[in-house]
Amino acid sequence: MTASHTLQELAQLLGATLEGDPDAMVQQCRGLAEATTGDLTFLANSKYKDQLQTTRATAVLVGKKDETPAGLNVLRCEDPYFAFREAMVALHGYRQHPEPMDAEGGISPRAAVHETASIGEGTRIHPFAVVERGAVVGKGCWIYPGAWVGPDAQIGDDCILFPNCVIYDHVQLGNRVTVHGGTVVGSDGFGYATSKGVHHKIPQQGIVEVEDDVEFGGNCAIERATMGATRIGSGTKFADLISIGHGTTIGSHCLLVSLVGVAGSVTMGNHVVLGGQVGVAGHLSIGDRVTAIAQTGIASTVASDQMIGGAPAVPVEQAKRNMLAFTSLSQLVKRVRTLERAAKQAEPTAQDDADR
Amino acid sequence: MTASHTLQELAQLLGATLEGDPDAMVQQCRGLAEATTGDLTFLANSKYKDQLQTTRATAVLVGKKDETPAGLNVLRCEDPYFAFREAMVALHGYRQHPEPMDAEGGISPRAAVHETASIGEGTRIHPFAVVERGAVVGKGCWIYPGAWVGPDAQIGDDCILFPNCVIYDHVQLGNRVTVHGGTVVGSDGFGYATSKGVHHKIPQQGIVEVEDDVEFGGNCAIERATMGATRIGSGTKFADLISIGHGTTIGSHCLLVSLVGVAGSVTMGNHVVLGGQVGVAGHLSIGDRVTAIAQTGIASTVASDQMIGGAPAVPVEQAKRNMLAFTSLSQLVKRVRTLERAAKQAEPTAQDDADR
Amino acid sequence: MTASHTLQELAQLLGATLEGDPDAMVQQCRGLAEATTGDLTFLANSKYKDQLQTTRATAVLVGKKDETPAGLNVLRCEDPYFAFREAMVALHGYRQHPEPMDAEGGISPRAAVHETASIGEGTRIHPFAVVERGAVVGKGCWIYPGAWVGPDAQIGDDCILFPNCVIYDHVQLGNRVTVHGGTVVGSDGFGYATSKGVHHKIPQQGIVEVEDDVEFGGNCAIERATMGATRIGSGTKFADLISIGHGTTIGSHCLLVSLVGVAGSVTMGNHVVLGGQVGVAGHLSIGDRVTAIAQTGIASTVASDQMIGGAPAVPVEQAKRNMLAFTSLSQLVKRVRTLERAAKQAEPTAQDDADR
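Protein chains in written order, with this note's numbering: chain A, 228 to 583; chain B, 228 to 583; chain C, 228 to 583.
Bound-form chain A, shown alone (with noise of 0.2 Å):
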């Protein structure tokens, strides 16, 4: 799906300044170097300014203080990034999903659906997604093939699961919840009693609860707990491949970037970022507003407000200042061997003083 606006429509949608053409038309967006004719682009990082000398894009979303070129139609506005997706959306707008193949009422008969499953007003379901007994899905979703709702599960309105993604039993899903392909809710926490050497497993009987707005990426793994729930809270967006453990609590609010790993027993506050593989160990806490850069290793509890990374984390410029100091740590070694062996030196010459 595309639309033709004007840059005033458009103007006036994102609350942007024009400057240039208000009659020129944009169909769609593309990145700077791509941009041409009938496209809008944005400047959003400063590291591509330069491409705004040279983008043939009919107009570009600036910021309020970006220098721009003469004659280049330019959209002002508070946060162009935030502008550009308000353009993606009135230009692109969502994924059109596909109707179920021969569906009768927008449930495929080659879907698998219990007869005790309850399924809302305008939900479709594909072939070969299943519904178990007892579960409960919302109106207005899409249930692609292949996806699979456990028992007594509960899915809210507008959710989108993806094919193939596995939604175990009594896991609860808020509204507007997307599950992309492949990802698994609710699967058996990994706790065993370990008694001579051999581990025995303790039954999962805690659930997964998933608030409104959350969003899952490809392929992760999120364990329900062994009593009472893991918690992830609502518009939490999750990357791919991304493993919470059981009996985990994340806030509101939070991105997870791709790799993360959070051991069981976290509790997490809201508005956290954590970067690419960033490893999180167990029963420990996360305040709000916490950010990990890539690869942070969160050994202990961290309190609210704080910018960390390393293994273990530290505050993140002392942790950008020892990464640095590490690429030539071996140096430092040899600096350390060579005031030793001045030292050494020394020393006969202070015994010599003595001698004196």
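Among these hints, one or two may not hold up.
Subject to a maximum C-alpha distance of 27 Å in a straight line, what follows is the list of computed DSS-like cross-link-like pairs (lysine-lysine) [as the list claims (entries may be wrong)]:
{"no.": "1", "chain 1": "B", "residue 1": "K291", "chain 2": "A", "residue 2": "K428"}
{"no.": "2", "chain 1": "B", "residue 1": "K274", "chain 2": "B", "residue 2": "K547"}
{"no.": "3", "chain 1": "C", "residue 1": "K274", "chain 2": "B", "residue 2": "K561"}
{"no.": "4", "chain 1": "C", "residue 1": "K423", "chain 2": "B", "residue 2": "K428"}
{"no.": "5", "chain 1": "C", "residue 1": "K571", "chain 2": "C", "residue 2": "K561"}
{"no.": "6", "chain 1": "A", "residue 1": "K274", "chain 2": "A", "residue 2": "K291"}
{"no.": "7", "chain 1": "B", "residue 1": "K274", "chain 2": "B", "residue 2": "K292"}
{"no.": "8", "chain 1": "C", "residue 1": "K274", "chain 2": "C", "residue 2": "K547"}
{"no.": "9", "chain 1": "A", "residue 1": "K561", "chain 2": "B", "residue 2": "K571"}
{"no.": "10", "chain 1": "B", "residue 1": "K561", "chain 2": "B", "residue 2": "K547"}
{"no.": "11", "chain 1": "B", "residue 1": "K423", "chain 2": "C", "residue 2": "K274"}
{"no.": "12", "chain 1": "C", "residue 1": "K428", "chain 2": "A", "residue 2": "K276"}
{"no.": "13", "chain 1": "B", "residue 1": "K571", "chain 2": "B", "residue 2": "K547"}
{"no.": "14", "chain 1": "C", "residue 1": "K561", "chain 2": "C", "residue 2": "K547"}
{"no.": "15", "chain 1": "B", "residue 1": "K274", "chain 2": "B", "residue 2": "K291"}
{"no.": "16", "chain 1": "A", "residue 1": "K428", "chain 2": "B", "residue 2": "K274"}
{"no.": "17", "chain 1": "C", "residue 1": "K571", "chain 2": "A", "residue 2": "K561"}
{"no.": "18", "chain 1": "B", "residue 1": "K428", "chain 2": "C", "residue 2": "K366"}
{"no.": "19", "chain 1": "A", "residue 1": "K571", "chain 2": "A", "residue 2": "K561"}
{"no.": "20", "chain 1": "C", "residue 1": "K292", "chain 2": "B", "residue 2": "K428"}
{"no.": "21", "chain 1": "C", "residue 1": "K428", "chain 2": "A", "residue 2": "K274"}
{"no.": "22", "chain 1": "A", "residue 1": "K291", "chain 2": "C", "residue 2": "K423"}
{"no.": "23", "chain 1": "C", "residue 1": "K276", "chain 2": "B", "residue 2": "K428"}
{"no.": "24", "chain 1": "C", "residue 1": "K428", "chain 2": "A", "residue 2": "K292"}
{"no.": "25", "chain 1": "C", "residue 1": "K561", "chain 2": "B", "residue 2": "K571"}
{"no.": "26", "chain 1": "A", "residue 1": "K292", "chain 2": "A", "residue 2": "K274"}
Per label pair, the in silico range of CB-to-CB distance [to be verified]:
{"no.": "27", "chain 1": "A", "residue 1": "K571", "chain 2": "B", "residue 2": "R568", "range": "39 to 45 Å"}
{"no.": "28", "chain 1": "B", "residue 1": "D248", "chain 2": "A", "residue 2": "S527", "range": "36 to 42 Å"}
{"no.": "29", "chain 1": "B", "residue 1": "E326", "chain 2": "C", "residue 2": "K274", "range": "52 to 58 Å"}
The following residues of chain C were derived to be distant from chain B, with all beta-carbon distances above 10 Å [claimed, not checked]:
{"no.": "30", "residue": "Q255"}
{"no.": "31", "residue": "D329"}
{"no.": "32", "residue": "G514"}
{"no.": "33", "residue": "S527"}
In short, the hints are calculated from the structure, not lab data.
Don't be surprised by glycine CBs; every beta carbon is placed ideally from N, CA and C.
Fit chains B and C to the known structure of chain A by using the hints.
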């Protein structure tokens, strides 16, 4: 499922000593903070011992020497965590698997089972599960929707294949093997012969052999061997998103935490524990009873009975001291610089001395 | 499948020089330690050369200059590992794919193929696989159970989609692309515009373009671009559990080992090798023929022809020296403290000197 027990019954069942009301009833297990009347809870981590003062649980499982407040019903035992597991089994039991919808004799007519496949007694096969030609599935298994059992694969008795897991051709699973959602066992090993910059695929004609009582978490990937077998020993448990390279042998009764990566041709002993995000390089050996803390990088052979950390891995106490030292590495560089300046300033003085 | 060859035949086939019995027969390839009569084995890693003395193989592939014991049938060649690959193909060949059960003309009646989809000649589609509206699948493909080909996706010739892999809408795969079980190609990029603490989803209207001869291991996740395309160059091979961010370009003939994470908007050249658990930050470039050892953290642009390690990444020899130095970092701190004490003790003496 929940069952009720008196504390007297439970004490007998768990081999615990009861201090308190033998007739008090418990119906379920809950955490120390959440437990209330009718709940059994436990203290296994001394970190939480203060909560004994405030818990509203009907009874608490504690160790032989834990101090407990007067008036609290207490079940004393050698290993409260193992006793808790026993209580979980007694009070809650394991997941009750859903019967396949529309099943005739346990096998859904909407499953695809090849006529040459052999299916044991009591095995249930859900809709849209597939068992290919020549595959042998034992007795009492549960094969969930979307699970795939490849040609000539062998599945033992009482295995559980959760939705959308993938068991490639010729893979062998022992008895009581559990495979959680999305896990792939037996995909091709990452084996190419590179000639003139082009990577030529080597046929991966080996298999994966998984022994009894192994459990895989969600979205793991276990590669088949080029020749011979990738092996997972009995009683070994995997968390989620774990990658095992081709031709590797994992011993018995190991625990691998989420996001562990083990390269190919590794030989790992028994009772090995690898923490989250640990990486193991290829073609090396790890002895028995080795424990590696989270994010350890194992790049060379490790003898038995080591507890290790860091990258490259060293004994864990040393690793922790090094990590601690790392948190002020940039300070250390400054201190060395200060020493160097002092040494340099000292030099001319020495020269002066010589000149005198 | 196994085939028999005389050593003479094999020597000719592999371009090797035979030292030994030209009429000896081999039926299969096996490892040095396991091989016995009728087996061909190989020495590609000098680490294993002692096993030449004890191998019971009928013949061994060795390099031009490897020393070999008398009486052993030897096939000498420039590149024993590549020759081994050729022998594997000759003796074992590649996996024979199972025909779809109950297939009519190669397409199972239990697959769901949209009437507007185009399916090439000789392509097999298994039960419970789905090809959505407008999708184009080339000739000679194997689409296993549970694989999903999204709307308007394009799949080239001779592709293999293993069970439960997910190819999102509009994704383009070249010819001879292999996608192992559970891998997701084209799920939404991790793109949100955050305003007042709330993450607003940006429509991900770009695609993924995968060129010819690419292979993905199990449970990878390749994000589609926000605009334009995420690109994977020809001949590039992925191991398992790899995450590629949105808008990233991976060059041709690269090798990515398991658990690698590459963030968005990265441009990577050709013949790049990333070891296990390597992380690459967003918006940077990596040149051609760069090799990063396992667990490297790449946080800035890397020129061509580098071999790197560490986090942040530095030349690999430097990285290894630093890692080695790190193993005794806490000792280094002590040594610096000793120097500082000595310097402090020296100070009053200097003062004494001045007082003299």
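Against the structure, the hints come out as follows:
1. Restraint check for K291/B and K428/A: satisfied, since their Cα atoms lie roughly 23 Å apart, inside the 27 Å limit.
2. Only pairs whose Cα atoms come within 27 Å are accepted, and K274/B paired with K547/B is accepted, the gap being roughly 21 Å.
3. For the given pair, K274/C sits about 43 Å from K561/B by alpha-carbon distance, which is inconsistent with the 27 Å threshold.
4. Proximity of K423/C to K428/B is assessed by CA-CA distance (about 50 Å); at most 27 Å being required, the pair is judged violated.
5. Distance check on the hinted pair: K571/C and K561/C sit about 15 Å apart at the alpha-carbon level, within 27 Å; holds.
6. The hinted pair formed by K274/A and K291/A meets the criterion: a straight-line CA distance of about 17 Å does not exceed 27 Å.
7. Only pairs whose Cα atoms come within 27 Å are accepted, and K274/B paired with K292/B is accepted, the gap being roughly 15 Å.
8. Between K274/C and K547/C the alpha-carbon distance is near 21 Å, which keeps this suggested pair within the 27 Å criterion.
9. Taking the CA atoms of K561/A and K571/B, the gap is near 16 Å; set against the 27 Å cutoff, the hint holds.
10. Pair hint K561/B plus K547/B holds up; C-alpha atoms about 22 Å apart against a cutoff of 27 Å.
11. With a C-alpha separation of about 24 Å, the suggested pair K423/B and K274/C falls inside the 27 Å cut-off, and the hint holds.
12. With a C-alpha separation of about 24 Å, the suggested pair K428/C and K276/A falls inside the 27 Å cut-off, and the hint holds.
13. Under the criterion of a C-alpha separation no larger than 27 Å, the hint pairing K571/B with K547/B is inconsistent with the structure, at around 34 Å.
14. Note on K561/C and K547/C: the hinted pairing holds, with a Cα-Cα distance of about 22 Å set against a maximum of 27 Å.
15. As the CA atoms of K274/B and K291/B are separated by approximately 17 Å, the hinted pair is consistent with the 27 Å bound.
16. Pair hint K428/A plus K274/B holds up; C-alpha atoms about 23 Å apart against a cutoff of 27 Å.
17. As the CA atoms of K571/C and K561/A are separated by approximately 22 Å, the hinted pair is consistent with the 27 Å bound.
18. A hinted pair counts as satisfied when its Cα atoms are at most 27 Å apart, and K428/B with K366/C qualifies at roughly 21 Å.
19. Simply put, K571/A and K561/A have alpha-carbon atoms about 15 Å apart, close enough for the 27 Å limit, and the pair holds.
20. The hinted pair formed by K292/C and K428/B meets the criterion: a straight-line CA distance of about 26 Å does not exceed 27 Å.
21. In summary, the hint linking K428/C to K274/A is supported, as the alpha carbons are separated by about 23 Å, within the 27 Å threshold.
22. Between K291/A and K423/C the CA atoms are separated by roughly 18 Å; this keeps the pair inside 27 Å, and the hint holds.
23. With a C-alpha separation of about 24 Å, the suggested pairing of K276/C with K428/B holds against the 27 Å cut-off.
24. For the given pair, K428/C sits about 26 Å from K292/A by alpha-carbon distance, which is consistent with the 27 Å threshold.
25. For the hint pairing K561/C with K571/B, the CA-to-CA distance comes to about 22 Å; that is within 27 Å, so the pair holds.
26. Straight-line distance between C-alpha atoms of K292/A and K274/A comes to about 15 Å, which keeps the hinted pair within the 27 Å bound.
27. Range check, K571/A to R568/B: about 19 Å between beta-carbon atoms, so the 39 to 45 Å window is missed.
28. Roughly 40 Å separates the CB atoms of D248/B and S527/A, a value that falls within the hinted 36 to 42 Å.
29. Roughly 53 Å separates the CB atoms of E326/B and K274/C, a value that falls within the hinted 52 to 58 Å.
30. With a minimum CB-CB distance of about 8 Å to chain B, Q255/C fails to clear the 10 Å threshold, and the non-interface call is violated.
31. Consistency note on D329/C: stated as away from chain B, yet its beta-carbon is not over 10 Å from all of that chain's, at 8 Å minimum.
32. No Cβ of chain B approaches the Cβ of G514/C within 10 Å, the least distance being about 15 Å, so the stated non-interface status holds.
33. No beta-carbon of chain B comes within 10 Å of the beta-carbon of S527/C; the shortest separation is about 18 Å.
Figure legend: structure checked against the earlier numbered hints; hints not met, in rising order: 3, 4, 13, 27, 30 and 31.
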